[in-house]
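Student: Chains as they are written, first to last, in our numbering: chain C, 1 to 360; chain D, 1 to 360; chain F, 1 to 360; chain B, 1 to 360.
For the record, the hints were derived by calculation from the structure and aren't laboratory data. Since the structure is predicted, the reported quantities are computational estimates derived from the model, not experimental observations. You may find that some hints are simply not true.
[Claimed, not checked] Computed list of lysine-lysine pairs in BS3-like fashion (alpha-carbon distance at most 30 Å, straight line):
1) F:Lys67 - F:Lys43
2) F:Lys43 - D:Lys84
3) B:Lys43 - C:Lys84
4) F:Lys84 - D:Lys43
5) B:Lys84 - C:Lys43
There are 4 protein chains.
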Amino acid sequence: MPKLDVAILGATGAVGQRFIQLLEHHPWFQVSEVIGSQRSAGKAYAEAAHWILNSNPPPDVSQRRVKALDEPITSPLIFSALPKEAAITRELELAEAGHIVCSNASANRMLADVPLLLPEVNAEHIGLVEVQRRKRGWASGTLIANSNCTVMPVVMALKPLLKYGVRRLHLVSEQAVSGAGYPGVSSIDMIDNIIPYVPGDEQKMESESRKMLGYFDGEQIETLDMLVSATCTRVPVLDGHLVNISVELDEGPAQASIIDDWTTWQAPDPIPSLPSAPPYPLQYLDQIDRPQPRRDRDAGRGMMTSIGRLRDCPILGYKFAALSHNTVRGAAGCSIMNAELLAVEGYIEGVQIAETAEAT
Amino acid sequence: MPKLDVAILGATGAVGQRFIQLLEHHPWFQVSEVIGSQRSAGKAYAEAAHWILNSNPPPDVSQRRVKALDEPITSPLIFSALPKEAAITRELELAEAGHIVCSNASANRMLADVPLLLPEVNAEHIGLVEVQRRKRGWASGTLIANSNCTVMPVVMALKPLLKYGVRRLHLVSEQAVSGAGYPGVSSIDMIDNIIPYVPGDEQKMESESRKMLGYFDGEQIETLDMLVSATCTRVPVLDGHLVNISVELDEGPAQASIIDDWTTWQAPDPIPSLPSAPPYPLQYLDQIDRPQPRRDRDAGRGMMTSIGRLRDCPILGYKFAALSHNTVRGAAGCSIMNAELLAVEGYIEGVQIAETAEAT
Amino acid sequence: MPKLDVAILGATGAVGQRFIQLLEHHPWFQVSEVIGSQRSAGKAYAEAAHWILNSNPPPDVSQRRVKALDEPITSPLIFSALPKEAAITRELELAEAGHIVCSNASANRMLADVPLLLPEVNAEHIGLVEVQRRKRGWASGTLIANSNCTVMPVVMALKPLLKYGVRRLHLVSEQAVSGAGYPGVSSIDMIDNIIPYVPGDEQKMESESRKMLGYFDGEQIETLDMLVSATCTRVPVLDGHLVNISVELDEGPAQASIIDDWTTWQAPDPIPSLPSAPPYPLQYLDQIDRPQPRRDRDAGRGMMTSIGRLRDCPILGYKFAALSHNTVRGAAGCSIMNAELLAVEGYIEGVQIAETAEAT
Amino acid sequence: MPKLDVAILGATGAVGQRFIQLLEHHPWFQVSEVIGSQRSAGKAYAEAAHWILNSNPPPDVSQRRVKALDEPITSPLIFSALPKEAAITRELELAEAGHIVCSNASANRMLADVPLLLPEVNAEHIGLVEVQRRKRGWASGTLIANSNCTVMPVVMALKPLLKYGVRRLHLVSEQAVSGAGYPGVSSIDMIDNIIPYVPGDEQKMESESRKMLGYFDGEQIETLDMLVSATCTRVPVLDGHLVNISVELDEGPAQASIIDDWTTWQAPDPIPSLPSAPPYPLQYLDQIDRPQPRRDRDAGRGMMTSIGRLRDCPILGYKFAALSHNTVRGAAGCSIMNAELLAVEGYIEGVQIAETAEAT
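Assemble the whole structure, with the sequences as input and the hints as a guide.
Tutor: Next comes the structure, spelled out in structure tokens:
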């Protein structure tokens, strides 16, 4: 089965590398264009990129020539790992030119007509694509975003609890260094130390979580009416963001019911059969000292969210910890899964998908 | 001026070592007895203790023979860094035998007649010594405790805010490994990882903070009526516990007023002139990414608490971060300062103190 | 195809866990007995073992009851991850009782009739099994050892160079903490620190490397006449031992020839087709800053040795760095591969192996 | 006593900060000018510099305006922490203009007429200043350099052994991240990892050590005839470079004699009385697992070199480990001590020094 060509914007950076790694054996997509900064353009990928993941880049990508950001792109599907400033206009230009753009950049996330898509949580927000195209006069292109990497474990864990009425949410994150890209956080700041501040993330935690859990009424997203207080800190961990969550619910379900809600939760078809989807998106760990970043970030090939330590919160009622791999589920993996959903739902022309994953 | 002999219980462990280090040049006290486990007894201290602090133990202590826990103790003043189980009965026996016992162990902290003393915060709780002696029929001995190391930055930061009415407190700690003693946390658990659980500390945060901030009515401590929710996590940091604090106050002071309360706060005389007391117990750091454990734990020779990031909490009103050195201010340093206060207040016979620090 | 039952001695420790993890999907062997300390005996494995690897133990092993070291063992094949003291007599007893014992313990490594087997390097040493059985009067059992985990990358890298005459070897290792087991090295010793000493390893580097590279004359191993100077240090890395190697050769091959020797080197049949064998045991990395423990330890599912930085040594002629995963290639993985070789060579009764891997 | 004004070139970087910290209470010198990059120029120092050391910059320096590199400098004494490229011409210009320039940059270290000064080791190289002035036609200025930070522990430990004839030297370093400046090494490269390569340092180890230990014949430095093989690696340690050293001596002194040579070694007057000089430059640690970076780097306020593990090397005769603080003894502290020696020896006009430290 021929695979769809995809281009990676910001291909040499930390998230760009993760896109390339995750797409190496993808059943539907293949990396055919890598786009980098002016400094990288013209070089072979292996030479331009300081590969920060394990081992080495896939051989076929290693030899590919890096294109400049303003060169023409021929791939119908584009994954964007651009820095914010570079993303603002370029992503919209490419969508306008007819490309399907699945972006991990924060630049356009909060635009009213850009869905902040996380298939298990808000697949119905995909309907905003029609609104976006109509409003902007685009025929076939679209721009889809995924959320900040720290928001991911929070909304994943909250989704099955929405039925109880989520009112107030108190979040304290302990975030991995890969969330800041490469070179990102200096080792001088991280040896024997933590940093109690992550630029921009507290605000994103508060705004993006409300949008993602919001209601799509056919025209726009009505954000969830939920009070959020977020504190974001950086810890000497490579990958995996852990969030300490206290939550107030309208109803007062037993803790056992909540654990059951989490462990049995599955997204509706066709989501569980998407190539990147884990069968069950959540796991609850019984051990009192879990989840832990190093031990649990790779659950479900980095696409599961691990939860643990559910117990009483004297102030808000319930508290627990949730963890996701920040550059897989929280970035490249989510963008890829968004594209898979778009493919299955018929938004991407020319893509060939296996029978089993087709929309019903 | 001759110095008072002191004995260290649990002298070979992590906190025992810190006692020895901090007492090396103390103006009033000198280490004359080191008490260890059965395994250590009889050896020279330098041989029995795996010294985990920088450099080496002081030469005079290095050569001292370690005594067993059941050997007689002659020093009038005793600092206890015993493990909980060993502390329960031995500390009370020694106090009954007439010793002044300043303990860092958690064993007897919550006994109704044992003050949980932190000079700047609750010096008046020292009055409980009279109650204790009367109730137990002790003539000259007493048992004084200091709190858990993670509670310390919390109560230090809250003390100047009590006037506004502290109602609800939400705490998420990021604690250093030295809080677990030596060998304590395995490096296999701490490389590229955090552990979202510290055995026993969440409960201590909730109970000890209320006792320390409570009111001594001449007979007993009336604990502060305050709702506390605590989450304790372990991070790959050597020393320095950071706590992310959200607090609800009855009144709504301006943030600038709170910062002013912190930076100008001084304990009443004679506390600021105690040898271990920093002139100002609190510092507020303006930089948005502070306090940080490695950079701020040694402020005031490890006895200051550093605060930063005061801002709105959408749920509880105010939030900020506070940091203290866990084995100095949070353990040995606090015990020593408690003994200094006892000395100045006349509770320790035979101690000679400098004029300047005498009680008025 | 039915699988052969195997027992793991020391199953709850760091290397024991790695045995269980690597055997989870093994084509020929299945874990049917887990043997632990007196403290663990009688408990379910998941309860007895503090699992230090990622995720959780395999479900079937999790529920298995841990046996005490003196309980009868029924599995014909036994992997030993026992501590040295426990291994000395128990391994020999079990071999005498007819079991095939593949040991990772250092206890019996240097016995003259125990092969220190590393299939790619000295498969012919397996002949020592006959000597062992004859000398000890054993019918079907045997005891096979693998070397210290730090020796592994050294002998792997040297094997293809033996033809040039290896005369003198200067080694400085930077070893991961998992080499010390669990809990092993305290995090207090490893944060912002290295330890320039690893108990026992320098001596093992010098003796075991000469035995492994020695010549089996049909009766005994004649150790390689090679001068070795080893320094072993511990660094804050989870897995992966790196050794900085300087070597003097009798001949003076071009560096390009040496790199070619490494990258084209394959062990003779049937070794490359053993289930745990990587097709090529060595890889040479061109990047000037490789190999690195985190990025290269998992090459070949942890069974490859990565080499880099070959250059002139002004004193000994050549220098380079070599890296292996210490608990896979350097411990459990090597023992398993040794058992695979024994199976293929007909030393294990009752094992069923796939056609493709049979001895020719 | 009025202090001499000094200027710091590259004042906002890692070594520049260390200069400022070490000079805060210096008895002879005071920081009166801070020179930074174009980006920093015009800002207050506290705003321009991301302070990476503990606590905060000294208050007086915090408020000082950062000057651009091309602005005039009025201070007679200049410490340079410039990057190599910026240093090449600017340092020579300033020396030509009459300034005393003590440089930590590598740019001009190997110029034949620039002494690579380390007071305890080669104070007599200061005579090269006359040659430099004569050759270049300078009246009062001069340029003095200190060596690479990894060379420092090596030459310190070797100096007392020169009398035995040092023939061959094999070095493997484990270097701290602060050696690469700030931001320097990314935390993504240092968590759970080491890097077996430090750009440029191996070559410097081999050339600078021979120059520093060389003989000044009144006109030039005759480098020591010594064969050096160096391997440099980077480890996750904040400060403190450890070097594993094997050495061949012409004579064969007993190890006890060598230890005695080290522990009793003192530089000739007036060096031990310089403000930054430790009374004894070397300490030998008996514990088998020392020196360790975190525990020993601050010995002698960071100016001592710690040695340990002296034992036989089967190849070169002797081996041991040596450690120095890389940004104190290995950089800023050495430059300051060099300036102190220049002052005492009369090379700096206008400086007022205490009687006790004057040259005899």
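Student: For every hint, state whether the structure bears it out.
Tutor: So, going through the hints one by one against the coordinates:
1. F:Lys67 - F:Lys43: holds, 8 Å
2. F:Lys43 - D:Lys84: holds, 27 Å
3. B:Lys43 - C:Lys84: Satisfied, since the Cα-Cα distance of roughly 27 Å is no more than 30 Å.
4. F:Lys84 - D:Lys43: With a Cα-Cα distance of about 27 Å, the restraint between F:Lys84 and D:Lys43 holds, given a limit of 30 Å.
5. B:Lys84 - C:Lys43: Roughly 27 Å separates the two Cα atoms, so the pair holds.
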